Amino acid sequence: MASGSESLQKPISKAVQGRQARRREEELLVWPDLVFIEFISALLFMLTLTILSILINAPLQDRANPSHTPNPSKAPWYFLNLQELLLHMHPAIAGVLVPTIAVGALMAIPYLDNTREGEGKWWASPRAKINAKVGAFVGFFGTLLLILFNESKHVWLFEKATTLQWPSALNWLKNTRAIQTEIPWPESIRSISIGEKLFKTELLGLPPINLVLDIPKLLVEQIIPMTTMIGLPIILAVVAGKMNIAQTKRDYAILIFSAFMATWLMLTISGTALRGAGMELMWPWNVKPPVT
Amino acid sequence: MTIEKPAKPSLEERIYNYVMNGRVVKSIIRSGYPNTPRNQMLMVATNVFLHLHPTRINRTHVKITHTFCLGGLSFFMFLGLTITGVLLMFYYVPSVERAYEDMQAIQSTVRFGFLMRNLHRWMAHSMVLLVFMHMMRVFYTGSYKPPREFNWVVGVLLLVLTLLLSFTGYLLPWDELAFWAITVGTQMVGSAPLFGEANRFILIGGYEVGANALIRFYTLHVIGLPLITTVFMAVHFWRIRRDGGLAKPL
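Respectively, the protein sequence lines represent chains S and W. Following this note's numbering, the numbering of the first sequence begins with 1 at its first residue and continues without gaps. Following this note's numbering, the numbering of the second sequence begins with 1 at its first residue and continues without gaps.
Okay, chain W solo, but in the shape it has when bound (with noise of 0.2 Å):
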């Protein structure tokens, strides 16, 4: 009886295993290269980014055309806003004095700048439009059913919020278009039966749009509502798992 003894490894095989299977590796995945149904498992289950997924999911919802990904690119709007919401940051001073003096700039000679803006502009139409459809898939695909009530509740704030940011971003150029729209948007607010104009008097932080408005509106737009959207966005995402994940048929 002979033994067959094992072939020895090619070059490449070695260079593959010690690469990836090597201890630089393994320290980020300690799972291992994802090549076989457990380890594919556990890079889901074991990523904190990943694990917002279920490690398997059903095969329909797989199906591009039962999603439209809708959901997930919204999040990934959100997502591409703050980071070129944040380089913008670095040009954008909002003052009444500044404000359209730096759009200027970053339209014209900062490098790269024009493509920030109009991506974040692009972007913040997307998220919008994104949001609507999202809801009108989970709608028409009857995904708001029971368990999954709250979550379409959540949701709807979402959208709400979804809104607000993109409003209070467009104070932010301090052009004739932002102005004016902004103008004409708080003036709905004036017209609350109660406290209307109170209201609008905290909001824009006088009685017409001007410098106590910019900074308002910036710090809404930067921090406070992207911090709300953050936390329900959270509360949407972990109710999604907890609540079954995707609505499957009956």
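Next comes chain S alone, as it looks inside the complex (with noise of 0.2 Å):
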């Protein structure tokens, strides 16, 4: 009987262990408090929002034609990092595996960081502004370096500096591609049929499946981008805990976090502006309108 009523008078959790009573002198009436607060803001954004319409129309372009492709044609602007992705690496992985792991790494958060440090309060840790300035740098510049990589930008910069060839014994550095189209494979990696081997179809008396295994376009399409965007925030949260930015859990979660989302901006931010005719790589004020 005696450990039943203990249990009963047990807290539940940590969580409400934690709480503390609410301190009435410290909360104010929510009508007129917040209400006028709310009421406020969303007068604001609707007389904003309204103005912008009367000035700025939506873009009604000509009717849709199949049968005319537009250059360059870009999704919604939402989802142009996935498009800018996609021209650095297979589309499976840009198209459907980086949103999903994205998607579920950011309801993850929670459980992986389930400590109770910084909550409230905005940049509550000591540690948390630097983390969230050193992962946005990373995430922001890291990403722009790569994408001018994969762009050649280095060539055209190692060109105009020394006013020399870039050397052909480096070819394979120009880009991410290079590494396929300028080493010369053997060719039995780039054709290496595994459809029979892998699937026993003929068992269940169906046609093989013709599967071939090409090592440098599945090096280049995908270990080596799959390799970097797991790689590359490892290295950055080792690093960012060797030099003590980082310590707890919320730290890591907040270096990371800005990381993503920096990086994230800056994908959107050049398949929307940085991206003309073709998806070439060219100054915003050189992108124009899409030819129809």
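For the record, the hints were derived by calculation from the structure and aren't laboratory data. Every value quoted in this text rests on a predicted model; they were computed, and no experiment measured them. Just to be clear, a hint being listed does not mean it is correct.
[What the hints assert, rightly or not] Using 27 Å as the maximum straight-line C-alpha spacing, the simulated DSSO-like pairs for lysine-lysine come out as follows: (1) S/K129 with W/K63; (2) W/K63 with S/K121; (3) S/K121 with S/K217; (4) S/K121 with W/K248; (5) S/K133 with W/K8; (6) S/K174 with S/K217; (7) W/K26 with W/K8; (8) S/K197 with S/K174; (9) S/K174 with S/K160; (10) W/K63 with S/K133; (11) S/K249 with W/K248; (12) W/K248 with S/K129.
Two chains, two frames, some hints: make the complex.
Written out as structure tokens, the structure reads:
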């Protein structure tokens, strides 16, 4: 009996244990204090958007014509980050795997960082701001550098700075795709038939599955991008940990989340403002509306 | 000893009392005009719309720089999009033959049609931005911490739903921009290693964006996704209160 009543008195969880009694003097009445602010902010938004709507018309181009592809054809702006990724890797990774993992990772944040550090206040933990800044900086400019590398801008810079030709021995370093095209890979690993070995379809009386493995292509389109996207955040976290910038779970959460959001922002900017006809990289002022 | 007689109420006071404590106003606002703390709390607690709020709130949470009203404004955008969307539905028919002509009519001949369409567009963009910013606010204020883990998950789902709502609406004008944006966007779905082509076929009702895609996106945009979003929003708001309101500093 005694143990039963004890267990009843036990707090349900640490979260409840840590909760403090509400202090009345710290509280305000929702009506009018909060309702007023909500009303004013809604009014301001309505007013701004109405003025915007009177001044700027939503675009309405020519009637859709399936036989006529505009150049470039772009997705809505909030998916241009994925379209930018699509230029650098296998479409299944950029279009499906990355968004799926991103959404899953976002959902997992509270379960990975399950401490109560930094709760309920902006930049509450002592290292919150530095982690956000480092993460955002590395994410933003790291992504920019990767995009520039894949567009061979380091070659352009080298040739501009030294007035020399890019050494042909280093042709495979021009961009990621060059690893596939510029290295004399043996023909035997360019097409490995694995369909018949992997799937014994003849046992089911079905035709053989024609699955051909191209190792250099696989390397460039899948292995290198996946390694980059998984490896660079890990390196960032390890370095930040070694430098004592990140110490707690909350620090790491801020670091990686900030890096991710900055990466996403950079990809969106690049896909929106830096990609013109043929999805070529160019200065924003050279990006013209699509030619139809 | 003289007994002080109460002053005779002035005409204004009598009119005020008659209106504010009269049967009509009392029948709408039972607690009476919210001019005392008691009535103010009752006003919030007994009103179906306002009772999403608690009656009292922590002083720091009222500061505009704590939340920037981002979550509330996202909801406000959803309401505004519903109203402008319903008005647009009066004029818009989701068929390949009529969709584009209807858009032109809305933009040029329907009275205030351009305003409804432009507002709908700007609010949709704003909502995507606001939901993103709301997520960042919740993250940097550490408001996803226990016991609020699940509400964060619901919030991420609402972000995805917001993007899908915006994306399905993108096709409806049936102009070049809409058609090719959806073609490019759904090609990403088709590139999935497993069932990619099958999912794309289900989504656009064929191998190419056409009449079937238009009616599917329209149905999802005006009823399917808003219903799902409403359910998740109800859970989201309910859980804010159940999890103890906005996160407080330790």
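For S/K121 and S/K217, compute the direct alpha-carbon distance and say whether it is at most 27 Å.
With a Cα-Cα distance of about 48 Å, the restraint between S/K121 and S/K217 is violated, given a limit of 27 Å.
For the pair supplied as a hint, S/K174 and S/K217, confirm whether the alpha-carbon distance does not exceed 27 Å.
Status holds; Cα separation ~16 Å.
Restraint check for S/K121 with W/K248, where alpha carbons must lie at most 27 Å apart
holds, 7 Å
Decide if the proposed pair is consistent with the structure: S/K174 and S/K160, CA atoms, cutoff 27 Å inclusive.
holds, 15 Å
Assess, step by step, whether the Cα of W/K63 is no farther than 27 Å from the Cα of S/K133, and give holds or violated.
Holds. W/K63 to S/K133 sits at ~24 Å (cutoff 27 Å).
Straight-line alpha-carbon gap S/K133 to W/K8, limit 27 Å:
violated, 67 Å
Restraint check for W/K26 with W/K8, where alpha carbons must lie at most 27 Å apart
Given pair W/K26, W/K8 holds - Cα atoms ~24 Å apart, limit 27 Å.
Are the Cα positions of W/K248 and S/K129 separated by 27 Å at most?
holds, 19 Å
Agreement of S/K197 and S/K174 with the hint, judged by alpha carbon distance not exceeding 27 Å
Roughly 36 Å separates the two Cα atoms, so the pair is violated.
Just to be careful, I want the Cα atoms of S/K249 and W/K248 compared with a cutoff of 27 Å; is the pair within it?
holds, 19 Å
Has the given pair, S/K129 with W/K63, been kept, meaning a C-alpha gap of at most 27 Å?
Cα-Cα ~20 Å, so holds.
Measure nothing beyond the straight line between the CA atoms of W/K63 and S/K121; if it is 27 Å or shorter, mark the hint as holding.
holds, 12 Å
Comparing the model with each numbered hint stated earlier shows that hints 3, 5, 8 do not hold.
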